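Peer 1: Fit chain B to the known structure of chain A by using the hints.
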Amino acid sequence: MSKSSLKQTLKNLETKKISIRELNQDYLKRIKEKENLNVFIHFSEENVLKQIDNLEKDNSAKKLKGIPIAIKDLFCTKSMPTTAASKILENFNPTYESFVTQKLLDEGSIFVGKTNLDEFAMGSATNTSFFGNTINPLSKENEPLAPGGSSGGSAAAVAADLCLGATGTDTGGSIRQPASFCGVVGIKPTYGLCSRWGIAAFASSLDQAGIFSHNVEDASILLQSIAGFDQRDSTSAKVDIPNYFENLDDDLNGKTVGIPKEYSIDGTPMEISEIWDNAIKVLEKKGVKIKNISLPHSKYALPTYYIIAPAEASSNLARYDGVKYGFRSDEIDSLDEMYENTRAQGFGREVKRRILIGTYVLSAGYYDAYYLKAQKVRKLIADDFNKAFKECDFIVTPTAPSAAFPLNEKQNDPIKMYLNDVFTVPASLAGLPGISIPFGEDKNNLPLGIQILGKHFDEQQVFNAAVSLERSYE
Amino acid sequence: MKIDKNTINKIARLSRIKLDDKESEDYINDLNSILDWVEQLNEVNTEDVEPLSNISSSILPKREDVSKDTNSSEEILENAPDKLEGFFAVPKVVE
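Quick note, the sequences are listed as chains A and B, same order.
Residues 1 to 474, numbered by the working numbering, are exactly what the first sequence covers, in order.
Residues 1 to 95, numbered by the working numbering, are exactly what the second sequence covers, in order.
Looking at chain A on its own, in the form it has when it is part of the complex:
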């Protein structure tokens, strides 16, 4: 399957080699052929055709005019329902557009559909969705694999070539891990780079929007389009957004890469250590100085995350009460009954588990022992990175501790599932930008990802290192 890049497609549209209609009909055809993957929660051909009609009447020049993009169903969109993959928002039709999707619309992109995810982005396999599993497009027949999660639908949409790019959100690894599982590029920018306005909130001190794409160049184009200050998100940063694509520079000569020893974890498959070594060798050849660094509190990142994220989730998800929007239970003898039954029937198992644990760690008598303790360890984790970045320009690690695993494999043991995020969570806690790029395969020819982390708001360095590694791999 040869996939055209966003960059090449923009050229083809400009030189009239292909029309917006022809381009999108090609994607529509593939979307219909691949319905069995359950990539989309919402897809309407009619809606896509309407968008094409409107763009054909529009004579203005737009940066992404006619480009088919898939949207994680956590972003509010006026033209399509928004469910967060939850029964509790099954019938929710936003009356407003999220900041990120509005930016993409302003630049003329076409939304092909809303992609599947773990319910409220809580999961690592896109198997907690109320709308069923998404299947990794790289699966062999009769051996369905998980696409990773939570943004599994978006990663799969890019991998199956159902769009030229997709939006995702990343709280503890929800862009980088599925990108690794599906063999595509996924970037989570610095906390604060993209406004979260209009994105269903999960853990507000961690949530960040980002991009999936076929390659690093495309990711650099799309990230620039969705970044920027927005006064409706109080954590949105007022920083200049460089032209990442124009500034891409694969010459890393004289730079220093940090290699954290704590990321060598017992039980990591040999192939993952090999691709990591391989990436280091490639960088060395390019004149990059290799610096062994230490991030001593890394092993505490996961338990820290699994206190902070559920605590914030329990607060954010209090709004789903059956009053203002979404599902309401029929069993409503009293107001309390209405709340309790609505939430019991509207939320799935993993979401309820996290609300319960979050409520516990915030409850009277336990706050200091759990939540406050976790926030202090979080500070130490962030300080580790600050120290490390005094000695290096970027950090390279594996993205995930395994390749894509069979669907449903890890469902019963929550802690085993949480370990998927072992390499992605520390940077999330520190608010750092991170990208995953495909950089090798395991013995079953499944893709493995390499993660590149940068300093706050140094997405350009992350892209430069990524494009350099990508070009040496291809």
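Any given hint could turn out to be false.
What the hints assert, rightly or not - Below, computed lysine-lysine pairings styled on DSBU-like, alpha-carbon distance capped at 35 Å:
#1 Lys324/A / Lys291/A
#2 Lys22/B / Lys78/A
#3 Lys29/A / Lys83/B
#4 Lys22/B / Lys390/A
#5 Lys324/A / Lys390/A
#6 Lys87/A / Lys68/B
#7 Lys83/B / Lys87/A
#8 Lys140/A / Lys281/A
#9 Lys11/A / Lys87/A
#10 Lys140/A / Lys57/A
Unchecked claim - Here chain B is said to cover these stretches of chain A; the calculated rule only asks that three of the stretch's residues, wherever they fall, bring their Cβ under 8 Å from a Cβ of chain B:
#11 233-247
#12 282-288
#13 352-358
#14 367-378
To be verified - With the Cβ distance kept under 7 Å, some of the chain B side facing chain A (calculated, not the full set):
#15 Ile11
#16 Ser15
#17 Leu41
#18 Asn45
#19 Val49
#20 Ser56
#21 Asp65
#22 Val66
#23 Ser67
#24 Pro81
#25 Lys83
#26 Pro91
These aren't lab readings, by the way, just hints derived from the structure by calculation.
If you're wondering where the values come from, they're calculated on a predicted model, not measured in any experiment.
Ideal placement from N, C-alpha and C gives every residue a C-beta, glycine not left out.
Peer 2: Same frame as chain A, but now just chain B:
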């Protein structure tokens, strides 16, 4: 065991989530194993460490204090499961 039947009932009540007996059992097990696992944080010395609640490294900008029309009441009520004369409607709370 940190979480027993009483604790899970209390948390479920605080969370406004009704649990049946089977679910309560499951969550007691899940939550206890998660809480045992996070116990390892006690190995870390956090004396004199400031808690980190917000990672925003830039100074949060202020905005002009001016009123704006953003939502109409019709828009706000559009997705309500039940509404009455411009208000959200809920089951009767007083007899």
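Peer 1: Could you run down the list of hints and mark each one as holding or not?
Peer 2: Here is what the structure says about each hint:
1. Lys324/A / Lys291/A: Answer violated: Lys324/A to Lys291/A is near 53 Å, above 35 Å.
2. Lys22/B / Lys78/A: Violated, because 40 Å separates the two Cα atoms, which is more than 35 Å.
3. Lys29/A / Lys83/B: 42 Å, violated
4. Lys22/B / Lys390/A: 52 Å, violated
5. Lys324/A / Lys390/A: 48 Å, violated
6. Lys87/A / Lys68/B: Answer holds: Lys87/A to Lys68/B is near 33 Å, not above 35 Å.
7. Lys83/B / Lys87/A: The hint holds at about 20 Å.
8. Lys140/A / Lys281/A: 32 Å, holds
9. Lys11/A / Lys87/A: 42 Å, violated
10. Lys140/A / Lys57/A: 43 Å, violated
11. 233-247: holds (count 5)
12. 282-288: violated (count 0)
13. 352-358: holds (count 5)
14. 367-378: holds (count 8)
15. Ile11: 5 Å, holds
16. Ser15: Check passed: Cβ of Ser15/B comes within 5 Å of chain A, closer than 7 Å.
17. Leu41: 5 Å, holds
18. Asn45: 9 Å, violated
19. Val49: The hint holds - Val49/B has a Cβ within 7 Å of chain A, the shortest such distance being about 4 Å.
20. Ser56: Because about 5 Å separates Ser56/B from the closest Cβ in chain A, which is inside the 7 Å limit, the hint holds.
21. Asp65: 12 Å, violated
22. Val66: Hint on Val66/B: violated, closest Cβ of chain A at ~11 Å, above 7 Å.
23. Ser67: It is violated, given that the least Cβ distance between Ser67/B and chain A is near 14 Å, above 7 Å.
24. Pro81: Where the cut-off is 7 Å and the nearest Cβ of chain A is about 4 Å from Pro81/B, the hint holds.
25. Lys83: Because about 10 Å separates Lys83/B from the closest Cβ in chain A, which is outside the 7 Å limit, the hint is violated.
26. Pro91: This hint holds: Pro91/B lies near chain A, its Cβ roughly 5 Å from the closest one there, short of 7 Å.
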